[in-house]
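Colleague: Listed below, chain by chain, are the residues.
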Amino acid sequence: MFDWLQDLSDWLIYSVFTIAQSSKLGDALHFFVYDTIKILILLFLITTVMGIVNSYFPVDKIRNYLSRNKLFGLEYLFASTFGAITPFCSCSSVPLFIGFVKGGIPLGVTFAFLITSPLVNEVAIALFIGMFGLKATLIYVSSGIILGMFGGFILGKLKLEKYLSPWVQGVLANASKEDDLEEEKQTFSQRLPFIFKEALSIIKGVFWYIIIGIGIGAMMHGFIPTGFFENYISKDNPFAVPIAVILGVPMYSNAAGVLPIIQVFVQKGIPIGTAIAFMMAVVGLSIPEATMLKKVMTWKLIAIFFGVVAFFIILSGYMFNLIL
Amino acid sequence: MKTIKILGTGCAKCKATEQAVKDAIAKNNIDATVEKVEDIQQIMEYNILSTPAVVVDEIVKIKGKVPSEAEIVEALS
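Quick note, the sequences are listed as chains D and L, same order.
Okay, so the first sequence: first residue is -3 according to our numbering, each after it adds one.
Okay, so the second sequence: first residue is 105 according to our numbering, each after it adds one.
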C-alpha cells in the first residue's frame, strides 16, 4: 500500500537533497519523511471512519443504552468497547464519569469505559497500523478492550462507592434511568462535512506531537545502534515489564507523541510487549488524569483504580511478549 | 437579551469555544452576556457528557465540540 511512498522518500532524500544513502543523516531523514506522510494519511482515514461510527453512536446514546438494558455481565464488554470507539479527550473524562453515575450505570461498568477510552482511540489505532502492522493493531485493540473489561469488573466487585467524593455520592443516590434522546435525523451526506471537520481538528490537535515524536524517533533511528537498549533492558529480565509500567505511569503524553518513540525502541531491541506496556502506562495513567479524577474521587479510590489498571497493563505486557 | 453560559473545566477546547462565542456575538451585534462556568458540580447540573457546552437561557444548545460561527448564531436565534 505504501510502496509509492517508499519510492517518493528515496527520491526526495537521496536524489533531491543528495544525501548519501547509507549515512546516518540519510537514514534519519528518510525515516522522518516516510513515517510522517504515512501516519498522516492513516490518521485521516481512521479518524474519518471513527467519525462516521461516532456520528451514529454518540456517547449520550451509549450511556442511555447501558443505563436501560440488563445485559447480564456483557455490560462490561460493551462499556469497554464503547470506550474504544469514542474519541478521548482528557477534559471530558470527569463529565463523562458523572454522567454515567447519574444514569445509574454501575461504578465498575463506568470504570471499564474510563480505562479503555484513553488506551484505544482513533489516533492510537492509526499510528499502530502505520508502525506495527494490522496483526499487532488487532491484538493491541482487543487486549485494550479486555483490559478495560476485567479492570472494570474487578473494580466493580470491590464496592468502592464509599470512596467517591461526597457530592458524587449524592449524585449516585439520585441516579435515575435516562429519558429518550431526540434522535438527530440527518442523512449521511449531511453528516459528512461535519465528520471531515472533526477529523481534521483531531489531526490538527495531535499534529505537533506526531512531528516531534517522529522527529525524536527518526534521530534515534539513525543514530542509535540496533540492539543498544538490550544492554539495559535485557529480553530475559523478568522485571522489565513492571519496571517499564512504573516508569510510565507518572509520565504523560498522548498516543501520538509516544508511539513513534516506542517504534524505535522496538526496532532497537526492546521486546514489543514491554514497549506497549510502557506506552499504555504513559497514555492511560498519568498525574494530570489523577488530579482531574480528584474532583470526583478520593485519593484512596484513585490509588486503587491506578493499581488495578497498572496490574492489568503489566499482565498484558507479558502476554504481548509471549504471543508477538 | 440572552444569557450564554460556556460550560468547561478549562481545557483548550473550552477556551476556544468561549472565544468563538464572543467573536460571533460581537460580529453579529447580538445582545447577550457570556459567562464561563468552570465548576464541575455546576456543569453537571446541565446533564451533559462532554465538554465544552454552550447553554443559552438555561438550555443546552451545543455540546462536545467547538462550534462554528453559523452554529452559534443558530443557537442564539
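What the hints contain is simulated information worked out from the structure, not anything from laboratory work.
From a predicted model like this one, the values you see are computed outputs, not experimental measurements.
Any given hint could turn out to be false.
Here are the computed lysine-lysine pairs in the BS3-like style, where the Cα-Cα straight-line distance is at most 25 Å [stated by the list, open to error]:
hint	chain 1	residue 1	chain 2	residue 2
1	L	K140	L	K106
2	L	K117	D	K57
3	D	K193	L	K131
4	D	K98	D	K20
5	D	K57	L	K169
Colleague: Against each hint, give a clear statement of whether it holds in the structure.
Modeller: Consistency of the hints with the structure:
1. L:K140 <-> L:K106: Cα-Cα ~14 Å, so holds.
2. L:K117 <-> D:K57: 22 Å, holds
3. D:K193 <-> L:K131: Holds, at roughly 23 Å.
4. D:K98 <-> D:K20: Answer violated: K98 of chain D to K20 of chain D is near 56 Å, above 25 Å.
5. D:K57 <-> L:K169: Given that 25 Å is the threshold and the Cα spacing comes to 17 Å, the pair holds.
Consistency note: the structure conflicts with earlier hint 4 alone.
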